[in-house]
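Now for the letters of each chain:
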Amino acid sequence: MRSVLVEPFTPPFMGRALAELLLLALLAGVVSTFVLIRRLGFVADTMTHTVFPGVVVGFLAGGAGGVFPGALVAAAVTAVLLTLLTRSRRVTDDTALAVLLAAMFGVGVVLVSRRSSYSADLTAFLFGRLLAVTPTQLAQTAAVTGVVLLTLGLLAKELRLRAFDPQTAAAMGYRVWLLDLLLNLSVALVVVAAAQSVGTILVVALLVVPAATGRLLSDRLAVIAAVGVLAVAGAGYAGLVVSYHASVTYGLRLASGGTVVLALVALYLLALLVPLVRRRPSDVVA
Amino acid sequence: MSWLDLALNQAFNRAIVEAVFIGAATGLLGVQVVLRRLSFFTMAMTHATFPGVVIAAVVGVDLYLGGATAGVLAALAVVALSRRRGHDPSTATAVALAAGFALGVVLLSAQRGFTKDLTAYLVGSILTVTTEDLYVAAAVTVIVAVALRAGHKALTYTAFDRAGARAAGYRTTAIDLGLLLLISAVVVTAVPAVGTILTLALVVAPAGAARLWTDRIATMTAVAVSLAVASTIGGLLLSRSWDVAAGAAISLVATGCFAASMLAGPRRGLLGRWLRRRHRGPGGGRARILVP
Amino acid sequence: MAEQASGPATPTALPVGVALRIEHATVAYDGTPALQDVDAQVLPGETVALIGPNGAGKSTLIKAVLGLVPVTAGAITVLGKPPAAARRDVAYVPQADTLDPEFPISVAQVVLMGRYRRTGWLRRPGRADRRIAAEALAQVGLADRAGARFGTLSGGQRQRVLLARAIAQQPRLLLLDEPFNGVDALSQDALLTAIAALKRHGAAVVISTHDLTLAHLACDAACLLNRHMYGFGPVHDVITPALLRATYGSQALELRGDRVVVAHPVANRHA
Chain L
918 MRSVLVEPFT
928 PPFMGRALAE
938 LLLLALLAGV
948 VSTFVLIRRL
958 GFVADTMTHT
968 VFPGVVVGFL
978 AGGAGGVFPG
988 ALVAAAVTAV
998 LLTLLTRSRR
1008 VTDDTALAVL
1018 LAAMFGVGVV
1028 LVSRRSSYSA
1038 DLTAFLFGRL
1048 LAVTPTQLAQ
1058 TAAVTGVVLL
1068 TLGLLAKELR
1078 LRAFDPQTAA
1088 AMGYRVWLLD
1098 LLLNLSVALV
1108 VVAAAQSVGT
1118 ILVVALLVVP
1128 AATGRLLSDR
1138 LAVIAAVGVL
1148 AVAGAGYAGL
1158 VVSYHASVTY
1168 GLRLASGGTV
1178 VLALVALYLL
1188 ALLVPLVRRR
1198 PSDVVA
Chain P
501 MSWLDLALNQ
511 AFNRAIVEAV
521 FIGAATGLLG
531 VQVVLRRLSF
541 FTMAMTHATF
551 PGVVIAAVVG
561 VDLYLGGATA
571 GVLAALAVVA
581 LSRRRGHDPS
591 TATAVALAAG
601 FALGVVLLSA
611 QRGFTKDLTA
621 YLVGSILTVT
631 TEDLYVAAAV
641 TVIVAVALRA
651 GHKALTYTAF
661 DRAGARAAGY
671 RTTAIDLGLL
681 LLISAVVVTA
691 VPAVGTILTL
701 ALVVAPAGAA
711 RLWTDRIATM
721 TAVAVSLAVA
731 STIGGLLLSR
741 SWDVAAGAAI
751 SLVATGCFAA
761 SMLAGPRRGL
771 LGRWLRRRHR
781 GPGGGRARIL
791 VP
Chain R
1016 MAEQASGPAT
1026 PTALPVGVAL
1036 RIEHATVAYD
1046 GTPALQDVDA
1056 QVLPGETVAL
1066 IGPNGAGKST
1076 LIKAVLGLVP
1086 VTAGAITVLG
1096 KPPAAARRDV
1106 AYVPQADTLD
1116 PEFPISVAQV
1126 VLMGRYRRTG
1136 WLRRPGRADR
1146 RIAAEALAQV
1156 GLADRAGARF
1166 GTLSGGQRQR
1176 VLLARAIAQQ
1186 PRLLLLDEPF
1196 NGVDALSQDA
1206 LLTAIAALKR
1216 HGAAVVISTH
1226 DLTLAHLACD
1236 AACLLNRHMY
1246 GFGPVHDVIT
1256 PALLRATYGS
1266 QALELRGDRV
1276 VVAHPVANRH
1286 A
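Protein chains in written order, with the numbering used here: chain L, 918 to 1203; chain P, 501 to 792; chain R, 1016 to 1286.
Honestly, the hints are just simulated from the structure, not real lab data.
Incorrect hints may have been included.
Cross-link-like lysine to aspartate or glutamate pairs, in silico, EDC-like; alpha carbons within 20 Å at most [unchecked claim]: (1) Lys1214/R x Glu1061/R; (2) Lys1074/L x Glu1117/R; (3) Lys653/P x Asp676/P; (4) Lys1096/R x Glu1117/R; (5) Lys1074/L x Asp1115/R; (6) Lys1214/R x Asp1115/R.
All chains, full assembly: derive it from the sequences and hints.
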């Protein structure tokens, strides 16, 4: 039994994949909590698609090494654009987001479709190569995790006030647009960090499902974030073990990023069952 | 003209016909999606129908049937999850989207030819549509048109004033569910041709652009359908002359129409606002005066 | 403000003659003037009611006092400063039902938000802040609910929690937006008691409401608004049938003594 659980991580690439996922767990568990309370599900999904053309341009300009800076630039640009779009009341938020998403994604696809290795490239950009994570990528993910966690940790109370009661936040003199921009940048950075390993499209799972799982189990923000971190870490481990054994033992090649996300969704479904098992004391009091 | 040219022309002709049908269906439905803010739900449907298509391909049943089944399940999941504590609709929708798409990716990755199929699903392959696809697209377009015509009053009433509609005897839940099913029908039809994201573009962008030109639903519908059909045909022609992915070209034309409307639209466009502001004269735009 | 716990001491000179001065102010919302030529003032320790129908511009005026909406003509001066510069000493109480009841936050955490501006960016509220927040919560009679999730409270209790948050801010000007809407009698008493305590400490209070009885009960002066100002002065001089009929126009159905029955039109339905 022990060998089943530990053996998959003897090859260095598997160890790196696990390390990458554990870093992403820390990052996504915390960021998704703010995505949840700000209801940024669609914004997060839009980011995952708008970072895509940056990934493509970076790759076309500088090869594999150009992907990270390309994604970073696209992330910064779209975070600013989204902050502006969601501030103006001219178009309803969701229409503007959908159009931006489709336009940016269309640009990415047009750029890729001119290449001869079209479909293989597209798949790599969209779904990442979790098992091909390099030490450089690990360092990049660690740096992004550090910056984002520091920012959100320092601004946690302001971000919570803004999410709960934006009118009063503005009345108190907080620059709501600045808080929004910082959170949007954080979300975009998660997409950048995860783009090469999990892929741009499945990142939305990391940005929504962890905190949604935590929210099913707790009313406290810190607990929600902690559950989110544990959920991604557990799902990352389980997903890698399952895809490794499926491949080695049964000869079944499962996309590892997708398997990790499915494991995360499974944990979410488990959390859905919890209220059926035990009644929450707070509900009884209220 | 050689037989090869003729065949190519026929494929291209089929693509044009498919594009017209899909443009009409998405334009019609898009008005409802934009007015009810269902863009994210539409996005989720394009991704959540994916595992249904994969399973149908593996088992060997009709792909449209597989996609439609997954679409119905995803719609029900979104409605059910939205009611869980602390879950707003966007969280529920994102969970359904991520779960469905991950399932599709994992199932597909176990097959051979993973990357090719996935690409086809994401960006579509309108140039390979069959005559059968055309029949399906035509049927769905007719169904959407008839359903929206028949349900026009009920849909408008519930979108504008839910409680009032219920009091007036409309069954709002049934109406909502019917609309969600129409969306999944259009998504399942359009995705094989133009791909997931680009289906979203065709549903939302023309209707969003039309919203910027008019406040009347009838006019908005007409503008949306015209823009959607124009985008599909324009995108096809562009993709042929520049050799880029057809679905992406269509999507860029559609979103370009939206951007242009945002700049120039008479009611809410930036240009219109600027003109009105000038029109109001100096009093309206005076700088604030604060006496310390 | 002897209890000021942290942060720099309030910079302005303490005895300001007028807490809020509105001089022939015109306020624009989204480019169009929402309220024209308002002329009023509020002294420390005084309570003023903003009275008018829905859409009269009451909320817009409150936003202008907070410096969130531009003054296009005339001037608004808060504690001797432009509105945006005075926010530290101004507390705003929104309507409780505009907040998400599902939000994962406890009552104590909501009240503690009142201390954020005095804590500064990047720092956590300290023990003194927690004590002030706890006292504020006790003042509205909800000390025993500190650990409950905000959304599990009744509407009236939520409104009291938001007032407690404003009290924790130790404001010199308090702005309340329709605080008595849909509030039970017990909570209404608690709100009035807490507001009276703030007044005794020298805070100026502005309450937007369309409850005329409460305006009589709780306020010293009233300001009648409906796109323009229809009257400003002591409650008994301003809340009169003639002025109310002028303010509410066709919406004032019946006037008996100082009581006005005001029709709140239901949204028009053309099906």
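task: Could you tell me which of the hints above the structure violates, numbers in ascending order?
output: 4, 6
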